[in-house]
Amino acid sequence: MSKANRFFLLIPATLGILVFALFPLLQIAIPTVTSGANPIALYSQFLQSHYDLQVIFRTLTIAVITTLVTVLLGLPTALWISRQTTAWRQVLSVIILFPILTNAVVRNFAWIIILGKNGVLNNLLQGLHLISAPLTLLYTDSAIVIGSVYLFLPIMITTLVDSANGLNPEIEEAAAVLGSRPFTVLREIILPQMAPAILTGAILVFAGAMTAYTTPQLLGGNRHLVMSTLIYQQAMTLGNWTTASVVAIVLIGLSLLVLGLLRWYTGRLDRRVQHA
Amino acid sequence: MLDRHNRVLQIIGVIVLALLILPLGIVVVTSFGTEATISFPIKGFTLAWYANIWTQPAFVSGFQSSLTIALLASLLALLIGVPAVYALTRFNIPKQGWFQTLFLSPTLIPEIVIGFALYQTLVISWRLPLWPSLLIGHLLLCLPYVIRLVTSSMLHLDPHIEEAAWTLGTSRPHAFFTIVLPNIRTSIVAAFMLCFINSFNNIPISLFLNGPSQNMLPTAILNYLQNNYDPTVSALSVLLMLFTAALMILMERLLGVGALTTTGTNA
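Each protein sequence line maps, in turn, to chains A and B.
Position 167 (the first sequence) corresponds to 167 in this note's numbering; numbering is contiguous.
Position 45 (the second sequence) corresponds to 45 in this note's numbering; numbering is contiguous.
One thing to keep in mind: the hints can contain errors.
Stated by the list, open to error - Where chain B lies over chain A, by a calculated footprint (3+ residues, C-beta under 8 Å):
1. 19-31
2. 37-44
3. 69-77
4. 101-107
5. 135-143
6. 176-186
7. 228-234
What the hints assert, rightly or not - To give an idea of the chain A side of the interface with chain B (calculated C-beta under 8 Å), a few residues:
8. 6
9. 97
10. 203
11. 238
If you are wondering where the hints come from, they were derived from the structure by calculation, not from laboratory data.
Positions of the beta carbon are idealized from the N, C-alpha and C atoms, including for glycine.
Only chain B is shown next, with the shape it has when bound in the complex (with noise of 0.2 Å):
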């Protein structure tokens, strides 16, 4: 039988858990190596490694625009895509579907086009600065989470209970802020994470639209890395894996684990 107790299974299922677990710990661990150059297993424990990311002024500056990127985008993105799902799924809109595509549009371009088209259009045509060109990078990255995770949990929304409310007398803005936002609460906090971990993580659209006035983290580790082979990357990436760790703690407690592991599939 195929169940948990099948050896076939359980050695492939161990393997693979092991290989995907393993690769992440030996970073970990060569982050408090001792020698110039990243060398496992390691000869001495040092925590220099991780003192040394504060004085790369890249890094630093890098994290906080991919932070404030990555919240102003996502909040942007809620704020143009909930409205429209609302109006898709509410009001009887003709021709429904261009719109629903048109707005999952930007998953069906590869990102490293997206970003190569809004370098040539934003930055070289409309002389736009680095800045509002990577939020609008983001925000279109983001925008589809917004669109397919806040639409289904509008079409799941009973319109019978903002209807009562109508008629007893609640205006319709009022109505959606009592009523419909909070029954929708959860598909936009799901919604807001995933915006915002994927544009923090995101490297093909920032690529074309960062320059060395203007950093992103996961480009300036690109960049460190293409001159640079010592444990200062290994001690950022543990940090970044902390990061990904209290994300994930956070979105398990706004959200329940089982909304944890069906996010995933979205991702």
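Bound-form chain A, shown alone (with noise of 0.2 Å):
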């Protein structure tokens, strides 16, 4: 095979992310250098301003929140369903796999109904006589959290059931011979067999929970923007296109920092499990 050949069928691949991602990304990323006073003028403008630290503020917050209890409620349901028989497993990761492939729309949508001010859950309060009227619950930085945790739940889910179908239940029933309690088993030795799944977790739900428009955009209204529905705005409805694409760089910047963060600390815990 000559050389010629070899890289002949990487050509297209190649060509096409060079040409429609890369070149696009700088093609954003050089007026926001070029057009301020200097390079960073743009930049350190939009770090400067309350309401834009606010909106980066809300983003990782957001993020945080949806990773922790995706985490705190995924886990316990992985062990959960990887404990059942195999039949009964595969229906429940069918259930879990549904919602992954139904559309975002959809699954938003469904969230608008629970929580509007006439939706179900404020009716289901007052029929109760818990509340006299109806709260606020739709359009709130609480209902992007709820919307994301709905949306990316099982995604963490199906990440950690592989991992937990994995544990050698014998070593955790040695534990409970020698008399350790339920607790002290999942901390001592479901936790650290877990760990790395837990994070590859984390880093999908993260960065998904992060740049998701969706949900910040369905549940979350025009007075609670994340960054992602930032770009959009300044670009669509505002037109002012450089600010959107210093948002969209800062946002790509963070992103990769949190997720290089996330990545090089999985890596560390995998040497300690490869040494262990």
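Since each chain comes alone in its own frame, lean on the hints to assemble the complex.
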């Protein structure tokens, strides 16, 4: 096989990514350093604005809380699923997979119905006489968190179930025989073995929750912008393309930074597991 | 013991499963309601909202273009992705890791940014029509799935089988189609299904690249929800859930139950 031929098969994919992913990215990145008084002028302007900082803070907070809640709910659920009989496990896996493959609009729309002013939850609470006037649940930061958890919990569960299936129950039995209580077993035996999977899940959920558009758009409304909805608003509603580009670059930077940290920590954990 | 009879695990597991299913169940119920705005529980039963879907041209044309774009983007991703994976796993390509990183790089860029950047470059600078721009955007979405899934199955395939065929006089392309392709079939089908579903459901990329003349179904629903709150969207959601269910059954038939649950992790 000649050298030219070998590369021939790589050309379409390489060109495709270079021309349609990296070049457009450069095209939005360049004006952000050339239009200001100095290369970082626009960025320092953006990072000094109280409003924009609030958006960044909200984006990160929502992503962090979503990740934590999905781990807290996902871990026991995954353990429970992995301890079922094979037939049940398959049924449960399909139930978990179904929402993942269902359109995000549909899944968020469900929460509009539940959280709205005359929604299911308000009606229920009023019916039980727990509240006298409907609560404002929709178009809040909490609504975005609820929607994001709903969106990403199945992904966390499938990631954790794979790992939980690989646990050896005999180690837990041995610990129980020696007098360990379930919580000790969870902390000392299960968690260390599942730590890499928890981090993998956390990476998937954090990256997804931080950059998601549909959930904050549908459940947060116009007054609770996150970075992704801010990009769309600046670009398409206000026509401030350079500002939108600045937000886009900051979003890429932040997500790469957090994911890099999580991956670095996963790498350290993996090494520790291998050495053990 | 933390086995399946453990009370705490059982309670949390059941509650989480209920929380995952109930919201979708509520959507299904509201789609049959007779009142003009969405209400739950419903007062009467009607199928009128299902008929109403077809009176919304944005939904009908959106479904058609979402379907076409998803099919074409998945096929194109396979057409350019599989040869690239073959070259990377079989030829001694220098800087192999660089290519791998390059091909997976779209996953590192938030989808909303891909949409925005493509809008600037393709639509504004190059004055490309929306339809090819959408196809390119969705192709970028799909390519990493192909690269990831097909690479792992190529690495599992013993290269000696192919080499045996060459020694026996089979040409390289012929050996690829008769020996390699049948062996990596499962990963190709899985990649195609994942590409299709993710492209069909995608919003952030389509958002920037559609307009009044070019609708996509998810963004058409998003637009509709800005001004309306009637059970038409519930009815449409039910149809989309049925569509998802049909795709899952198809995946199970083509790949087996095991594949269904393992591909979920990559979604």
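Verification of the supplied hints:
1. 19-31: holds (count 8)
2. 37-44: violated (count 0)
3. 69-77: Check passed, 4 qualifying residues.
4. 101-107: Per the Cβ count (7), the hint holds.
5. 135-143: Contact hint for the region 135-143 of chain A vs chain B: violated, 0 residues under 8 Å.
6. 176-186: holds (count 4)
7. 228-234: Coverage by chain B holds here, the residue count being 3 at a Cβ distance below 8 Å.
8. 6: Nearest chain B Cβ about 4 Å off; hint holds.
9. 97: This interface hint holds because 4 Å falls under the 8 Å limit.
10. 203: violated, 11 Å
11. 238: violated, 13 Å
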